[in-house]
Amino acid sequence: MPGVSSDSARGALVPLSPESPAAAVYPLRHGLKSPISRLSISWSRGNSLRVSVFAAPSSDGSVNDGDGGKVVEVKLGGGDGEISEAHWRRMAYGSVSPFALLQSRKNAVSSLSKMSMNSSPYDGDWWDYIMEYSKDINALLVNQKSASVPVLDDPKSFITKGEEPTSLKATWELLEMFYAEKPSHSWLPERLVDWLADYDSLFSGTHPTVHSKLVDFQKELVNLQVVEDDPKYWEVMSSALAVGWLNIVVKMLRLHGSYRLDQLSNRETENGLVEAVAVLISKMPRMRLEHEAGKLGECYKAKPDFVKAWEKWRGQINKLDSSAFWFQCAHQQTREGLRSMLQIMLGNANSLCSATYNWIELYISHFLYMRPLTVGLESMYSLAQKSIQLKPMASAHRLMGLIIGILGENTEVVLAECLKGFGPWMVAHAIELLTAGSDHAEMLLHEERQNLGGISIEELHRLVYAQVLSSFPLTWQIAPIYLISCMKHGMVLLQILLSKQPVQDNQLLLKSIEICRLYELHSVTSNIMKIAGVHHWKHGRKGSGVFWLQQARDEYRLNRIALQLFDSVGKTISDESFKQWEGLIQLLGSDSKTAGGLEFLHKYRDFKKSLRQIHDGKATDSARQAVESLISLMKNPSTPQRFWLPLLYDSLKLLNWKERPLLNVSQTNLLLNKLQELSMARLRPDFIESELPPQALNSVRLALGTNLGRAILEE
Amino acid sequence: MAFAESQNPLRVYRIPQSRYIDAVRWLSPVSPSDRFAAIAYFDADTNSPSIEIAYVDPNPQSSSPTLTPQSSWTSPSRISSLRTAHSTPQPLLAAATFSGSLHILASDLINGGVMESEATVSQLGFHSGPVSAVDLREGGIECVSVGEDGRVNLVSFVGDSSKLNYRRIFDSNGLVGYTAVKWASPSEFATGGYGFGIQWWDQRTPGGPVLQFKGNWCQGKTSGIVHSIDIHPSRKHTCLAGGSSGTVFAWDRRAAQQPIVLSGAGTGEAPNSLLSESEVWEVQYDRYTRRLNIGNISSTRILPVMICSEDGILAVIEQGEEPLELLAEPCAINSFDIDRQNPSNVICSLEWESLAILTRS
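The listed protein sequences derive, respectively, from chains G and Y. Under UniProt numbering, think of the first position of the first sequence as 1, with each following residue one higher. Under UniProt numbering, think of the first position of the second sequence as 1, with each following residue one higher.
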């Protein structure tokens, strides 16, 4: 998508950051030996380019191997590698149902709120719907490659490897906690703590993190004999404590050498201090609903209870900090390490700052140990600003930008970050959350804008996503779901999309027609059928061509086709080829409306059939039938003129019927008139002469004359 | 409409494949506990079509079935039709492609499911354009292929020659296109095409179809295409067909030109409710029946039928009864197959790049 201008006044939709990666170079392997004379580049399916390379013709006119040209496809980009294309498609498929369900519920809610004026649309089940949607989408983001969980609990491993975290899921969970969960924002800080515990490793790629330090230390642990002598041990534990990973800290504390049975007796005080800190950590009061089973800390739902417990807990820490046992602890690292951990628990700003590695970690530590009662986005935002000042960073991770956008209640930034980081799928689906509870965001995103051609931002992003879906052969079928949710341009784009689908393959064609049927796009249906009909016809599949044109009720083209068919009829309807025609004639049916000019074929077949039966010897009755067919053919205006003479010539036997004249006077007159008309027509320049012997006309005229005489006599 | 869950327990497992599935078939197992399936894939990322034999483990520890690929064969073009012949331990597969070739593959299920291309027909004159349907005769020495180009070809193979010989049974020069085919007996088969037409062929009477079931019987209503035909070995006089507009009908050759409509177009005031309004991609007689003996069912009564449709329905239809819906997916079900040996197992391919395995009990 071209986001060109940095000047937002000129209506740039997607700001293109100047530090975006330099031009990518894709080598082409076309294998042509001759110099290239011409290149043609066009879009292929998805994000592939089709490059046609034409070689210059060799100067001496000789033909060499490798002359001519080659067509190669170049796949551009490839995402950020975090998620494979197949996984993207799986997400696209999976998000169709939740999206469609939410749309229909939204429509129901809005029509309901129109009926009863006073009720707000966000009442009742609304938040359940939003949450259900969010959870459904979230479930799609689970990476399929889930790591195996070790069966045995290794006492020395403190980092458990669960499923591989992705920025995509991290983003969705952020959006979910801020926008979809029923706005009881008092739990937000604790939700952020959990979030960081899950996704801290995502920042490791670009920044040092607590997680990466832990992983490094975990690797070194195998080679360490006396763990507490290593300053890193204490460093890493303080860091983990600062971001609230209590289970890990307690588990690491228990690795302390003083727990070993052979040392317990002479390091009793030291061990007592370690254990006291461990107990304090595991008793940390948390202001939250509840913990996952096995997580340390004590939960308080009500603020007064929490404050009471918090004060008591800090009192215990202070008491331990000022106790006399520290002087009896001989091991210096243990003493210093434990006391710095106590400082973290007491919320010492400097300790927190030095224990964390980036502003988000610092931010989280402030929630945990300094301001556990922070409520409201405004104060959360100012705290974030403060953390950034304390730990400024050269380059921001995409998730950090997103967090700032969310906390600053800056919907545009959130959208831009989603788009930049994760593309149209994310934006199209995240907008549902952004508009869920915020009137401001809803106004912003639903307002129709002149610079967007009169559509809203929401519609724009849905259209963009639908466009992406449309460009892939496997996902175009789900684009209609998104297009019909676009009030302004959706229907038109849907019609264009359907009209552009290939018609060669019946299965694909029928899938397009099925979508047309669902959205009652009858004119598109008939257009597609016409295109398919002509395509099949051109490729020699006459039956298929006729069928589709009949379905489209396209008399004009059926008549045109009829003319071509008659050419081959004149030549090929011999007895042996009759079986080939049989099927087509049956397909045409007897309903002249849908057959167009082809109705003639039907009658012609009947005529030929009865003529043949005369040969078989079932004389007079068949002859009578043949005469009837002949007369009705000659009467019918859809019988082409050039068939008149061949028809009459074929019927010579009937005209010269031995036993008695088969045609009465008026019938004979009709045929004579036709013959006269034909003679006149022959004078016209556009007359097509039939391939009959030259005396055909005369012999017919003679036979008719004779028959007329006999008929008059008989009457 | 009756839902299966309420009547008898049904377990459904959806297995994402990350590739489009053009066709899926069960292979006859070597031992009663084994399950093998042949799956025709199309990988849109690399633009490569292939057929894979997969071992289907119905009940591993993780409680949902798993597919273990055994072997793979790369096809020159996408698969338009795939059939299997039930011979053990080397089941044969006939695969027709959109580029107009036919491939006979043999898979050795005992030795790890290795698949080999036995023979190929890809001569220029075989079919012009895609082969729309193929059927392999039971016992597997002959194969019939049809296309919209109006050609009906008989391919016989006797083992060793890698170039197959084919015999043109009929060529309508495109005046009639065929979209489905099914063997009825060693010498007879049925084809289906546009306008809900069915043709009955007998090799002993060459030169064209022996009997034609006229299309356009649903006068005035929209006509359609037959996508799939099935013929029950014990009811060779009846052709079962499924096609456009949710239409499932049977043609009893003894009863002239009147179809027995089981669902869809032309039902009018028929008692059975409309199951689906879109394309019925495949029909098969459902051999999994609660009744003890199909011999007890009158020969004019149509046996239970399973269908799958573009609007995501997999259902069992019984004449004069409410259809039993087994699956209602948000996307199309493009093909399915019922396990011959154990008809409670059904495998089907979904439009959104996944397979579903159903176990009825």
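A couple of the hints might just be wrong.
[What the hints assert, rightly or not] Derived DSS-like pairs: lysine-lysine, alpha-carbon spacing no greater than 27 Å straight-line: (1) Lys511(G) x Lys214(Y); (2) Lys609(G) x Lys236(Y); (3) Lys538(G) x Lys236(Y); (4) Lys608(G) x Lys214(Y); (5) Lys603(G) x Lys214(Y); (6) Lys530(G) x Lys214(Y).
[To be verified] Facing chain Y, according to a computed beta carbon distance under 10 Å, are these residues of chain G, among others: (7) Ile83; (8) Ser84; (9) Ser97; (10) Leu518; (11) Lys542; (12) Gly543; (13) Gln550; (14) Asn559; (15) Ile585; (16) Ala623.
Bear in mind the hints are in silico, worked out from the structure with no lab data behind them. Where a beta carbon is used, it is the ideal one built from N, C-alpha and C, also for glycine.
Tested hints:
The hinted pair formed by lysine 511(G) and lysine 214(Y) meets the criterion: a straight-line CA distance of about 26 Å does not exceed 27 Å. For the proposed pair lysine 609(G) and lysine 236(Y), the alpha carbon gap of about 31 Å is over 27 Å, so the pair is violated. Only pairs whose Cα atoms come within 27 Å are accepted, and lysine 538(G) paired with lysine 236(Y) is rejected, the gap being roughly 38 Å. Between lysine 608(G) and lysine 214(Y), the direct Cα distance comes to roughly 19 Å. Compliance with the 27 Å bound is thereby established for this hinted pair.
With a C-alpha separation of about 17 Å, the suggested pairing of lysine 603(G) with lysine 214(Y) holds against the 27 Å cut-off. Distance restraint check for lysine 530(G) and lysine 214(Y): the Cα-Cα separation of roughly 24 Å lies within the 27 Å cut-off, and the hinted pair is therefore satisfied. Hint on isoleucine 83(G) is violated. Least Cβ distance to chain Y is approximately 12 Å, over the 10 Å limit. Here the hint on serine 84(G) is kept, as its CB sits about 8 Å from the closest CB of chain Y, short of 10 Å.
Taking 10 Å as the C-beta contact cut-off toward chain Y, the hint placing serine 97(G) at the interface holds, the least distance being around 5 Å. Using the Cβ-Cβ criterion of 10 Å, the hint placing leucine 518(G) at the interface with chain Y is satisfied: the shortest such distance is roughly 9 Å. Interface hint status for lysine 542(G): upheld, as the beta-carbon distance to the closest one in chain Y is roughly 5 Å, under 10 Å. Annotation: interface hint on glycine 543(G) holds; nearest CB of chain Y at approximately 4 Å, less than 10 Å.
Because the smallest distance between the Cβ of glutamine 550(G) and any Cβ of chain Y comes to about 8 Å, under 10 Å, the interface hint for this residue holds. The beta carbon of asparagine 559(G) comes no nearer than 18 Å to any beta carbon in chain Y, farther than 10 Å, and the hint placing it at the interface is violated. Look at isoleucine 585(G): its Cβ gets to within about 9 Å of chain Y, closer than 10 Å, so that hint holds up. Taking 10 Å as the C-beta contact cut-off toward chain Y, the hint placing alanine 623(G) at the interface is violated, the least distance being around 26 Å.
Of the numbered hints given earlier, the model fails hints 2, 3, 7, 14, 16; all others are met.
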